[in-house]
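A.B. asks: Listed here are the chains, written in short residue letters.
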Amino acid sequence: MDAFAANFLNFGSVLRVLPLMGAGLRTSALLIVVIVPAAMLLGLVLAALQQFGGKATRRCIVVYTDFFRSFPPLVLLVFLYSGLPLAGLRFNEFQTVVTGLVLNGGAFFGEIFRAGIEAVPRGQWDAGTALGLRPWQVFRRVVLPQSIHPVVPPLASNVVELAKATSLAAAVSLPDLLTSARQAQDIVYNPTPLVVAGLIYLVTFWPLVRLVSILETRSLSRRI
Amino acid sequence: MGDILHLYFNLGYWWDSAPALLRGAGRTLELAAATLIFGLSCGLAMAVTRALRIAPLSVVIVMMVDAARAVPGIVVIFLLYFALPYADIRLPAFVCAVLALASNLAAVSEEAFWAGIQAVPRGQSEAARALGLSRLVILRRIIMPQGIRLGIPLLTGKAISITKDTALASVVAVPELLNQMSTEQGVYANPSPLMLGAIMFLLIFLPVVRGSRWLERRFQWAR
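Just so you know, the sequences run in chain order V and R. Just so we're aligned: 156 in the numbering used here is position 156 of the first sequence, and the numbers increase by one with no gaps anywhere. Just so we're aligned: 103 in the numbering used here is position 103 of the second sequence, and the numbers increase by one with no gaps anywhere.
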């Protein structure tokens, strides 16, 4: 038991690597703050284009969506990070993670917004047009506001999943929370930094996960 | 243009790296199969246990599920692979990856099945009780078949995401597809194997994604 505590709960040793892990935590937080809103915006643009674009645009967006939904985000990151530089296109680690996860997350958000928009009855479009609003105005002022509410549960769930996915940064050696915990482990010779990183993720995401599950259960029961 | 062809679509390198990549794809499929089998069966078992409404068991299940959903898979893999050896528990990388991904999938599917079970209208079990059926029979013949059906549309997207996460196993050097892609790229100093591997990933998962659209529509229509 003592050996367990000395290895896994050696919080004294973590104090020595606190600056390292603090920097990692900041990077992770920055990734989340940049990636989640950007991906949401991309998703919204894709969903709007699907409403207003011609047939070709719509097909392109379906291809885009299916492509990024099929492609594991980690493979995308590795491809951007180590495949593109040979063609002369070089991203640094931060840009790689942001580009990869925004492209990936945008596809998922796009699908969710599209589902929300399509759930708004056709009559709302007709009524808006009858009032003399232009199509874009109908979309922005009538349809879009109504489309968000039914898709709040999947939106929330996707926000959490995307925020969690920023931990993939470790795979392209961006010094985020997980990477710095690994480095810290090699400095203090015990796995407590990894345990601490795990605990930080747990404490941060637990309330959000709980919220998502409440939202999902409630919305499913309401639909029956 | 010739450059792009030489860099990414170099058929010579494709041909040479294909055996290794196919072996990797096989490993990816093994990981995915193990994750799906363990994850879905554990998830279903937990949802059924929770439906028995034994308070202490339910609390334990909810806590496990929440924890597994809150911590990213890659963090769990790192903990199992890099931290557990300090407790003299050395698991093969493949096992670490499957454990991490399956626990994640089990949590997600428990949530989905449980949401489905709860969504079955109360009147169903009341009617069954009025017919004199026992609690277990009601659960097995009335609640579960409907609950699982209702839960499936919630589950497909997430199950696919987690199955795609088998690529995470590459960070602990399981020789699955992504790992082989990187290795082969290093061998030939050319990203053509990376491109070929990416195409293989698409070939594996594109049908799954398209199929899930169909599945979701089907179950929606069934209601």
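Note that these hints are calculated values from the structure, not bench results. Glycine is no exception: its CB is placed at the ideal position from the N, C-alpha and C atoms. Warning: the hint list may mix true and false statements.
[Claimed, not checked] Incomplete in silico selection of chain R near chain V, CB under 10 Å: (1) D3; (2) I61; (3) M64; (4) A128; (5) M181; (6) V187; (7) N190; (8) A198; (9) L206.
[To be verified] Covered stretches of chain V (in silico footprint by chain R; criterion: 3 or more residues with CB under 8 Å from a CB of chain R, positions within the stretch not fixed): (10) 12-21; (11) 51-62; (12) 70-82; (13) 196-202; (14) 205-219.
[What the hints assert, rightly or not] Short, incomplete list of chain V residues facing chain R, as computed with Cβ under 7 Å: (15) N7; (16) D66; (17) L89; (18) P150; (19) P191.
A.B. asks: Next item in the hint list is V/L89. Is there a CB on chain R closer than 7 Å to its CB?
C.D. replies: violated (11 Å)
A.B. asks: Take the shortest C-beta to C-beta distance between R/A128 and chain V; is it under 10 Å?
C.D. replies: violated (17 Å)
A.B. asks: Let me know if the C-beta of R/I61 comes in closer than 10 Å to any C-beta of chain V, holds or violated.
C.D. replies: At 12 Å from the nearest chain V Cβ, R/I61 fails the 10 Å test, so the hint is violated.
A.B. asks: Taking 7 Å as the limit, does the beta-carbon of V/N7 come near enough to a beta-carbon in chain R?
C.D. replies: holds (4 Å)
A.B. asks: For the region 12-21 of chain V, does the count of residues with a C-beta closer than 8 Å to a C-beta of chain R reach 3?
C.D. replies: n = 0 at 8 Å, threshold three: violated.
A.B. asks: Given V/P150 as an interface hint, is the shortest Cβ-Cβ distance to chain R below 7 Å?
C.D. replies: violated (14 Å)
A.B. asks: Let's test the interface hint: is any C-beta of chain R closer than 7 Å to that of V/P191?
C.D. replies: Status holds, d = 3 Å.
A.B. asks: Against chain V, is R/L206 within 10 Å by beta-carbon distance?
C.D. replies: holds (4 Å)
A.B. asks: So is the region 51-62 of chain V in contact with chain R by the C-beta rule, three or more residues under 8 Å, or is the coverage claim wrong?
C.D. replies: violated (count 0)
A.B. asks: Against chain V, is R/D3 within 10 Å by beta-carbon distance?
C.D. replies: R/D3 check passes; min Cβ-Cβ to chain V is 7 Å, inside 10 Å.
A.B. asks: Please verify that hint: R/M181, Cβ, nearest Cβ of chain V, below 10 Å or not.
C.D. replies: holds (7 Å)
A.B. asks: Given as covered by chain R, does the region 70-82 of chain V meet the bar of three residues or more with CB within less than 8 Å?
C.D. replies: holds (count 9)
Of the numbered hints stated above, those contradicted by the structure are hints 2, 3, 4, 6, 10, 11, 17, 18, listed in ascending order.
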